[in-house]
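Each chain, written out:
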Amino acid sequence: MSGFDKVVGSYEEAMAGLEDNMTVIAGGFGLCGIPENLIKEIKRKGTKGLTVVSNNAGVDGKGLGILLEDRQIRKMVSSYVGENALFEQQMMSGELEVELTPQGTLAEKMRAGGAGIPAFFTATGYGTPVGEGKEVREFDGRHYILEESIVGDFSIGKAWKADRYGNLVFRRTARNFNPGAITAGKIAVVEVEEIVEPGELDPDEIHLPGIYVNRLIKGTFEKTIEQRTVRSA
Amino acid sequence: MALTREQLAQRVSQEFQDGFYVNLGIGIPTLAANYIPDDMEVMLQSENGLLGMGPFPTEDEVDADLINAGKQTVTMATGAALFDSAESFAMIRGGHVDLTVLGAFEVDVQGNIASYMIPGKLIKGMGGAMDLVAGADNIIVVMTHASKHGDSKLLKECTLPLTGKGCIKRVLTDLALLDIEDGKFILRERAPGVSVEDIAALTEGELVIPDNVPEMQL
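Read top to bottom, the protein sequences are chains A and B. Using this note's numbering, read the first sequence as starting at 1 and increasing by one per residue. Using this note's numbering, read the second sequence as starting at 1 and increasing by one per residue.
Treat each hint with caution, since some may be false.
Unchecked claim - To spell it out: a stretch of chain A is covered by chain B in this simulated footprint if at least three of its residues, at any positions, have a beta carbon under 8 Å from a beta carbon of chain B; those stretches are:
#1 9 to 19
#2 63 to 74
#3 79 to 87
#4 107 to 114
#5 168 to 175
#6 178 to 188
#7 216 to 229
Treat the hints as calculated values from the structure; they're not laboratory data. Note that the structure is a prediction, hence the values are computed from the model and not measured. Cβ coordinates follow ideal geometry from the N, Cα and C atoms, glycine included.
Put together the whole structure using the sequences plus the hints.
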C-alpha cells in the first residue's frame with residue numbers, strides 16, 4: 001500500500017535520515033507518553049551532537065536518559081531536568097548545554113512551530129533570566145517577551161492508536177507534549193500501541209490528523225511509572 | 001506553634017470556593033486537595049493535561065498513562081477532561097484557572113517570586129511555574145517563613161533568579177498569612193500560638209501589622 005499509508009516496517013526505517021547535529025523534538029512528560037523505542041533506535045544508531053527539545057530529559061537509564069550515556073546529546077531544551085544524575089553531571093561539567101524553557105512556553109513554541117508561526121509574545125518569563133536579551137513589548141499595560149517557535153529536523157512522538165493514514169488518538173495524560181512535538185518536526189515519526197485500518201477510527205475522535213505524520217510504527221512499550229502512588233482500597 | 005504541612009494544606013483549602021478551577025503545585029499545595037469541603041465542588045487542573053484530577057489510584061486502578069504534574073499516578077474525577085500541553089497552558093496563560101497554589105524559595109515586597117533555581121546548587125528547572133505565576137491573577141505562595149538557619153524568606157528584594165515579577169499578592173507561611181500591597185507585607189493572620197513579634201522578627205521586608213491580627217482557624 002502507498003498513498004497515505006504512513007506505516008514503516010522497522011525502527012531503522014522509522015529513523016532513517018537522522019544525522020549528527022540535527023534537532024529532534026520529542027513528546028512525553030516525564031516518562032509518560034514517551035516514544036521509548038524511537039529513543040532506543042537513536043541510541044542504536046549512535047547519532048551524535050543532537051539538540052533535543054523535550055519537556056524532560058528522562059531519568060538515568062530510561063527515556064532520553066539513555067542518549068546521555070554515549071553523549072549523543074549536545075543540547076537539551078527542557079522545562080524540568082531533575083531526577084537524572086548523569087544529566088546533572090554533564091550539565092555541571094559543561095559537556096551538555098541546557099536551555100531551560102518554561103513549560104507553557106515550550107508547548108507553545110512547538111505548537112507555533114508546527115502552525116507556521118515564527119514567534120509569539122508571552123508574559124511568561126518577563127523580568128526573569130528567561131526574558132534576558134529578548135524583545136519586550138507592552139500590550140494593555142502588561143509586559144510580554146518575544147519567544148521564537150521551534151521546528152525540528154525530526155520529531156518523535158507516541159500515541160495510543162492510529163490508522164494507517166497516521167490519524168492519531170492519544171490516551172489519558174500520555175497525550176501531553178506529543179501533538180505539539182509531532183506537528184513541529186519536518187519529519188514526524190510516531191509509534192503507537194495499535195494500528196487499525198482507515199475508516200475504523202471515528203473521524204470525530206481523532207486527536208491529531210495524519211497530515212502531520214510522516215512515518216508510523218507499532219511498538220511494544222515498557223511504560224515505566226516514575227512515582228507509583230496509591231491509596232488503600 | 002508553626003503550622004505543620006497538613007495544617008498549611010488545611011489553611012490553603014480555605015481559599016477554595018465552590019466552582020473554582022485550581023492548580024496545585026507539587027508538595028504541600030497538593031495536600032490541600034485532601035481538605036476540599038464535602039459541600040463544595042473544586043476541579044483540580046494538572047498542567048500535564050488533566051482537568052478534574054481525582055485521588056491517588058488503588059493498586060488495581062494504577063495506569064501508567066495517567067499521572068499528575070509531579071509524575072505521580074492519579075485518577076480522574078467525574079467530569080474530567082484530557083488535553084495536550086499547549087491546550088493546558090492556554091487555559092493557564094489565558095487566565096482561566098481561578099486559583100494557583102505553589103511553593104517558593106523567596107518572595108519580596110514587590111510581589112516577586114524565586115522558586116526554580118539556586119545558582120551552583122540546584123538547577124532542576126521551572127517546569128510550569130513561570131507560566132502559572134504569569135498567567136494567574138489569584139496566586140497563593142506556600143512556604144516556610146524562614147530557612148533552617150533562621151534567614152527570612154520574605155525579603156525586601158529576592159536574591160535568587162526570579163520565577164515571576166510583581167505577580168504575588170498572597171503568601172501563606174508556617175507562621176502567618178500575609179498579603180503584598182504597595183511594596184509591603186500586610187500581616188493578615190498568625191498561626192495558632194505564634195506572636196506578632198515572632199513573625200516580625202523573621203520578616204525582612206517591610207511588614208505592616210494591623211491592630212487586630214487574628215489567629216488562623218483550622
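Right, here's what the structure says about each hint:
1. 9 to 19: Our answer is that it is violated, as 0 residues pass the Cβ test (under 8 Å) against chain B, missing three.
2. 63 to 74: With 0 residues closer than 8 Å to chain B, the stretch 63 to 74 of chain A misses the three-residue bar; violated.
3. 79 to 87: holds (count 4)
4. 107 to 114: holds (count 4)
5. 168 to 175: holds (count 6)
6. 178 to 188: Result for this restraint: holds, n = 3.
7. 216 to 229: holds (count 7)
Against the hints set out earlier in the document, violations occur for numbers 1 and 2.
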